[in-house]
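Peer 1: Sequence:
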Amino acid sequence: MTDIVRKYAIEKIQKKDFSCAKEYTLSMFSGKYKIVIIYHLSHDGTMRFGEIQKLLDHATHKVLSQQLNELVEDGLVSRQEDLVNNRKAVFYSLTPIGQSLMPIIEMMFSWGKDRLAMLDVDYTPKI
1 MTDIVRKYAI EKIQKKDFSC AKEYTLSMFS GKYKIVIIYH LSHDGTMRFG
51 EIQKLLDHAT HKVLSQQLNE LVEDGLVSRQ EDLVNNRKAV FYSLTPIGQS
101 LMPIIEMMFS WGKDRLAMLD VDYTPKI
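For the sequence shown, counting from 1, position 84 maps to 84 in UniProt numbering; every step adds exactly one.
There may be inaccurate statements among the hints.
[As the list claims (entries may be wrong)] Derived DSSO-like pairs (lysine-lysine); straight-line CA-CA distance at most 27 Å:
1) Lys32 with Lys22
2) Lys22 with Lys54
3) Lys32 with Lys113
4) Lys62 with Lys88
5) Lys22 with Lys12
6) Lys54 with Lys113
7) Lys32 with Lys62
8) Lys32 with Lys12
9) Lys7 with Lys32
10) Lys22 with Lys113
11) Lys54 with Lys88
12) Lys7 with Lys62
13) Lys22 with Lys7
Keep in mind that the hints were calculated from the coordinates and are not lab data.
Here the structure is a predicted model, which means the values were calculated and not measured.
With these hints in hand, go ahead and build the complete structure from the sequences.
Peer 2: Pasting the structure below:
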């Protein structure tokens, strides 16, 4: 199922009726795993589906495929097929538009880390 925020944003864009840039920005990375996918493609570079799935071991194949397809549709991630050892391989990489979200994601990470410290919560990154 398409994320409700993203679906709403797409409808508004198609009608050329979008009045909130913040809402549009949020719609670009709302959804399961999108922020984590964007983060890793930025920091780790081009990755195959299986490599991304290993990072998100709790993500099902179906959900991860859906999230990657939406990121590709939105122009944040590029998908490229190639032959590796005579087998089709799919590679994902961040586009310049996707890369432009990194300052926002980094600020969100920093804010979350600071807030957890204020709440005296032990923070140990898992991904």
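Peer 1: Taking the hints in turn, state whether each one holds.
Peer 2: Verification of the supplied hints:
1. Lys32 with Lys22: The hint holds at about 19 Å.
2. Lys22 with Lys54: violated, 32 Å
3. Lys32 with Lys113: Measuring from Cα to Cα gives roughly 20 Å; hence the hint holds.
4. Lys62 with Lys88: Between Lys62 and Lys88 the Cα gap is close to 19 Å, so the pair holds against 27 Å.
5. Lys22 with Lys12: holds, 14 Å
6. Lys54 with Lys113: Judged against 27 Å, a Cα distance of about 24 Å means the pair holds.
7. Lys32 with Lys62: holds, 12 Å
8. Lys32 with Lys12: holds, 22 Å
9. Lys7 with Lys32: holds, 14 Å
10. Lys22 with Lys113: holds, 22 Å
11. Lys54 with Lys88: Distance of about 19 Å is within 27 Å: holds.
12. Lys7 with Lys62: The given pair, whose Cα atoms are some 18 Å apart, holds under the 27 Å limit.
13. Lys22 with Lys7: holds, 15 Å
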